[in-house]
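Peer 1: If you want the building blocks of each chain, they are given just below.
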Amino acid sequence: MLTTGILSACLIFLGCAKIPDKLLSPTIKIEPVIKDNKEVYNLKLNAGILNDNSDIALMDVRGAVVLYDPASKETQRITFPFEIPVILPFETGVIEIQKVYSENEIMPIVTLLGSDKEKLINDKGMERSILDDKKVKLDISGYKKESILDILKRKPDEKN
Amino acid sequence: MKKIDDSRLYLFSAIVTLIVGLILGAVSYYSILFVEPTVERLLSSKGDIDKNYKEAYIILRNPQIFAGYSNFDTDRVKNSLTFFDNKIFSGEKIDPDRKIYLEVLLDRRKEGSILGRNTMVFFMLLSLVAWVLFFNERKAAPG
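Protein sequences appear in the order of chains A and B.
Note that my numbering numbers the first sequence so that position 11 is 11, with each residue one more than the last.
Quick note: to get my numbering, add 160 to the position in the second sequence (first position is 1).
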């Protein structure tokens, strides 16, 4: 009876965990590079997601950073999937995505970020912090919640 | 005019406040008498610092009922939690210099226990008042 009560309380407690819903400081860097005698574009996306829970760790967080063009009718432009193994309480999970694109693939992103091919080539790259929440969104598709106490108690045993 | 008998209301209030006070007292004194001395003993140990500090932290990571770790906590508390969570999670050693951060969490727990104890006293006084009113009402009741 007591165990059932405690388990129910734990389930309710775990069910109340806050799930990150926005990206912290999303930044995109695009650089033209020569690869196998072909001009391609290196894209680096960095952002953070904060685990605001005091006692819940988020495990196997899967999702995508989605870039939108609010002015366009075709709203969803491009998605960058990511996976973070663990985000401990009060910690910021770091999203680091690196991809190589052809010119045709990269130009919609460059335009979305307010630049064009000429500027990109002249400046030998571009770097933008995306401050507009309408342009970039976080889409979490899966995660597991686990009590930090359970994780920490298990840790010394894992070492042995 | 017929006098209304409030004794049942006083009795109910006295019992409820007494139960709340006893629960708060039990939780607070469990922390004061058992948990906090255990943590202090672990923190004052001279040997096997890493193991003892980790054990102390795991005890402190389970907060006292009146001292839950929330988003409104100071950076000192939050930073201590993220630091030790990371250290234990990644299996790194905790060196003796970090004792001060564990003491921050211990102080936080002690503040919670004192708040719990004071709240217990408040509820006990409320209960006492309700008992006095109850017996007074019973004495004044006709028959």
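Source of the hints: derived by calculation from the structure; they are not laboratory data.
This structure is a prediction, so every number in the text was calculated from the model and none was measured.
We put the beta carbon where it would ideally sit given N, CA and C, even for glycine.
Hints may contain errors.
[As the list claims (entries may be wrong)] Just a sample of chain A residues kept apart from chain B, beta carbon distances all over 10 Å, derived:
{"no.": "1", "residue": "L88"}
{"no.": "2", "residue": "K134"}
{"no.": "3", "residue": "K155"}
[Stated by the list, open to error] Subject to a maximum C-alpha distance of 25 Å in a straight line, what follows is the list of computed BS3-like cross-link-like pairs (lysine-lysine):
{"no.": "4", "chain 1": "B", "residue 1": "K299", "chain 2": "A", "residue 2": "K153"}
{"no.": "5", "chain 1": "B", "residue 1": "K211", "chain 2": "A", "residue 2": "K155"}
{"no.": "6", "chain 1": "B", "residue 1": "K253", "chain 2": "B", "residue 2": "K299"}
Peer 1: Does L88(A) clear chain B by more than 10 Å, comparing its Cβ with all Cβ atoms of that chain?
Peer 2: violated (5 Å)
Peer 1: Does K153(A) sit within 25 Å of K299(B), going by the straight-line distance between their CA atoms?
Peer 2: Violated. K299(B) to K153(A) sits at ~57 Å, over the 25 Å cutoff.
Peer 1: Can the restraint linking K253(B) and K299(B) be considered satisfied, given a maximum Cα separation of 25 Å?
Peer 2: Not satisfied, since the Cα-Cα distance of roughly 68 Å exceeds 25 Å.
Peer 1: When you check the alpha-carbon spacing of K211(B) and K155(A), does it fall within 25 Å?
Peer 2: holds (12 Å)
Peer 1: Checking the smallest CB distance to chain B, is K134(A) really beyond 10 Å?
Peer 2: holds (26 Å)
Peer 1: Is the nearest CB of chain B more than 10 Å from the CB of K155(A)?
Peer 2: Violated: least Cβ distance 5 Å, not greater than 10 Å.
When each numbered hint is compared with the structure, violations occur for hints 1, 3, 4, 6.
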